[in-house]
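Residues per chain, in single letters:
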Amino acid sequence: MSIDVSGLNKKFGDFVALDDVNVTIPTGQLTALLGPSGGGKSTLLRIIAGLEKADTGSVTIEGVEATHLPAQKRNVGFVFQHYAVFKHMTVAKNVAFGLEIRKRPKDEIEHRVEELLKLVHLSQFAHRLPSQLSGGQRQRMALARALAVEPSVLLLDEPFGALDAKVRKELRDWLRRLHDDVHVTTVFVTHDQEEALEVADEIVVINEGRVEQVGTPDQLYDEPANDFVMSFLGEVTHLGGVSLRPHDLEIDSSPQLAGSVEGTVSRLVRIGFEVRLTVLTVDGDEVSVVVTRAHARAHRIEEGSTVWLTPAAGASVVPRMAAAV
Amino acid sequence: MADTLVHPTVEEPPVEERRRPPRVRKTPVTYLLRFIVTAYLFFLVAWPVSLVVTHTFSDGLGSIRSLLEDPDMVVALQLSAYVAVWSVLINTVFGVGMSLLLVRYEFPGKRLLNSLLDIPLSVSPIVVGLALVLVYGGRNGWLGPTLAGWGLDVIFSTPGIIMATTFVALPLMIRELVPVLEEIGIEQEQAAESLGANGLQRFWRITLPSIKWGITYGVVLTLARSLGEFGAVKVVSGNVLGQTRTATLAVEEKYLNFDQQGAYATAFLLAMVSVACIVVVAIIRPKNHP
Chain Y
40 MSIDVSGLNK KFGDFVALDD VNVTIPTGQL TALLGPSGGG KSTLLRIIAG LEKADTGSVT
100 IEGVEATHLP AQKRNVGFVF QHYAVFKHMT VAKNVAFGLE IRKRPKDEIE HRVEELLKLV
160 HLSQFAHRLP SQLSGGQRQR MALARALAVE PSVLLLDEPF GALDAKVRKE LRDWLRRLHD
220 DVHVTTVFVT HDQEEALEVA DEIVVINEGR VEQVGTPDQL YDEPANDFVM SFLGEVTHLG
280 GVSLRPHDLE IDSSPQLAGS VEGTVSRLVR IGFEVRLTVL TVDGDEVSVV VTRAHARAHR
340 IEEGSTVWLT PAAGASVVPR MAAAV
Chain G
439 MADTLVHPTV EEPPVEERRR PPRVRKTPVT YLLRFIVTAY LFFLVAWPVS LVVTHTFSDG
499 LGSIRSLLED PDMVVALQLS AYVAVWSVLI NTVFGVGMSL LLVRYEFPGK RLLNSLLDIP
559 LSVSPIVVGL ALVLVYGGRN GWLGPTLAGW GLDVIFSTPG IIMATTFVAL PLMIRELVPV
619 LEEIGIEQEQ AAESLGANGL QRFWRITLPS IKWGITYGVV LTLARSLGEF GAVKVVSGNV
679 LGQTRTATLA VEEKYLNFDQ QGAYATAFLL AMVSVACIVV VAIIRPKNHP
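Here the protein sequences line up with chains Y and G, keeping their order. Residues in the first sequence are numbered from 40 upward in steps of one, following this note's numbering. Residues in the second sequence are numbered from 439 upward in steps of one, following this note's numbering.
In case anyone wonders, no lab produced these hints; they're calculated from the structure. Be aware that one or more of the hints could be misleading.
Said to hold, decoys possible - The calculated lysine-lysine pairs, modelled on DSS-like cross-linking and capped at a C-alpha distance of 30 Å, are: (1) K112/Y x K650/G; (2) K464/G x K126/Y; (3) K145/Y x K157/Y.
As the structure is a prediction and not an experimental result, all values here were calculated from the model.
Work out the full structure: start from the sequences and follow the hints.
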């Protein structure tokens with residue numbers, strides 16, 4: 040196993056950042072640490088990198104006990120949210136930095152830098168300064184820089200957080216393809232569940248310093264371990280005593296199945312191909328339902344219509360936590 | 439390596455760091471403020487300084503030539519230069535170290551230390567001189583007699599002048615570097631660390647180059663201040679002609695002895711060095727740096 044974290048605890052003053060975290064990150068895969076801001080995922084990543092020290096617990100990287108190893112000896116590549124480019128060096132020198140530190144021969148360095156710049160499509164910017172690059176370009180350079188030393192593990196701390204939506208989507212795609220090519224064990228931190236679901240092979244959900252669930256995107260979405268994981272990974276609505284997905288509700292204009300709940304459509308919004316409904320059931324629940332435009336048209340659902348709701352067959356449901364007053 | 443992009447990414451145009459300042463509408467108030475600032479700078483700075491220049495050259499290069507032919511004057515100028523260089527060296531090393539300490543570390547007493555570092559600027563230089571005499575005075579200072587016993591004369595000798603000058607210029611480098619270090623942050627160094635650089639490599643390859651313009655300005659300010667120090671040096675040096683008289687003391691001496699030409703010429707030489715430094719830095723500084 041590539042990274043083994045066991046019994047990790049970390050406090051900042053009174054604030055508990057990590058609470059007895061145990062997690063194993065498989066070799067060669069793209070793993071996401073997903074969770075809300077302040078949940079501890081960046082702290083965990085930095086402890087793995089050696090940029091922070093845990094209070095108790097151990098970190099093993101590629102079988103080597105790394106808990107007390109300084110960052111520079113761990114052979115991990117790190118990519119920061121705000122790029123952390125070396126502002127006074129050209130792009131080529133930035134990428135070459137790790138190799139120069141390791142005192143590699145000059146032509147080897149040149150060759151590797153050229154190779155990497157081609158990989159990240161920045162060859163024509165080799166002699167520019169980072170201040171002349173856009174955000175997306177800087178992050179690609181930072182990635183090339185981290186990969187230059189052939190790390191055993193690549194760690195990315197919300198790498199696309201500082202970029203605008205379009206660039207974020209492009210780089211997300213690009214990272215996945217890069218990983219498919221290069222196969223370095225990669226761990227990245229994000230609070231964007233769509234990003235995690237799209238890119239990662241495996242997701243570790245972290246909240247309030249604790250690991251909530253570990254699994255593939257499908258597992259997490261379809262079989263959430265608890266209410267938190269379910270509501271974090273996608274839209275959640277409540278019907279009767281269960282939480283389920285708004286698109287997992289069958290909606291009809293007449294009671295079709297046993298156990299249907301009657302309600303009135305109080306709000307209807309059309310967004311693209313989705314139609315989002317808010318239904319007030321006779322039991323007093325306010326339920327969100329999502330259907331396609333075609334479906335809504337076929338059943339002639341409008342604001343004020345009376346409808347019947349049933350959970351779809353095979354829908355993932357989680358018993359609802361005690362609702363906050 | 440295989441092309442890892444599905445489609446070629448549209449290369450965003452390179453972002454220019456320097457943005458045009460927003461256009462402000464010019465009102466009568468704008469012109470009035472400009473006039474006030476110009477008048478203020480003119481009467482307080484430009485005109486008096488330009489008078490020094492005109493008086494110096496009132497009969498060509500004669501006054502400067504006679505200045506440089508006087509061996510005692512040459513010694514005074516050399517002493518000023520020597521002291522200034524030492525002050526710059528000490529304050530650079532100490533300044534960089536102290537700035538890093540203040541910005542990067544937390545420790546008890548940090549705020550007190552921060553305030554103490556402002557004392558040299560807020561205390562009158564004459565007080566500085568007297569304090570040094572009190573501690574290092576050869577006959578009845580606290581440490582003076584001990585040091586004199588070891589053969590080290592501080593007061594009325596060059597080491598004392600260096601100490602006094604270094605002290606009054608102390609905060610300049612630090613106050614220049616602290617904001618620069620705060621702005622840079624530690625991420626670049628963490629990145630370097632993750633790439634395998636040890637402490638010394640990070641300092642040499644990342645920290646120092648990042649603050650080089652801060653250091654440059656700090657050096658210029660320290661040099662100017664050190665060359666121009668008068669009060670503390672007057673108390674500490676004893677003003678012995680040919681031995682412990684610095685250029686600034688020489689200016690006073692000449693002026694009091696009605697050698698106005700000499701006074702202006704010396705003052706001009708001192709001022710020129712500082713102005714030259716500032717001009718050179720302004721020229722070689724890259725345009726997109728603050």
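Hints versus structure:
1. For the hint linking K112/Y to K650/G, the alpha-carbon distance of about 28 Å falls within 30 Å, and the restraint holds.
2. Restraint check for K464/G and K126/Y: the C-alpha separation of about 36 Å exceeds 30 Å, so the hint is violated.
3. The suggested pairing of K145/Y with K157/Y holds, with an alpha-carbon distance near 18 Å, which does not exceed 30 Å.
Checked against the numbered hints above, the structure breaks only hint 2 and satisfies the rest.
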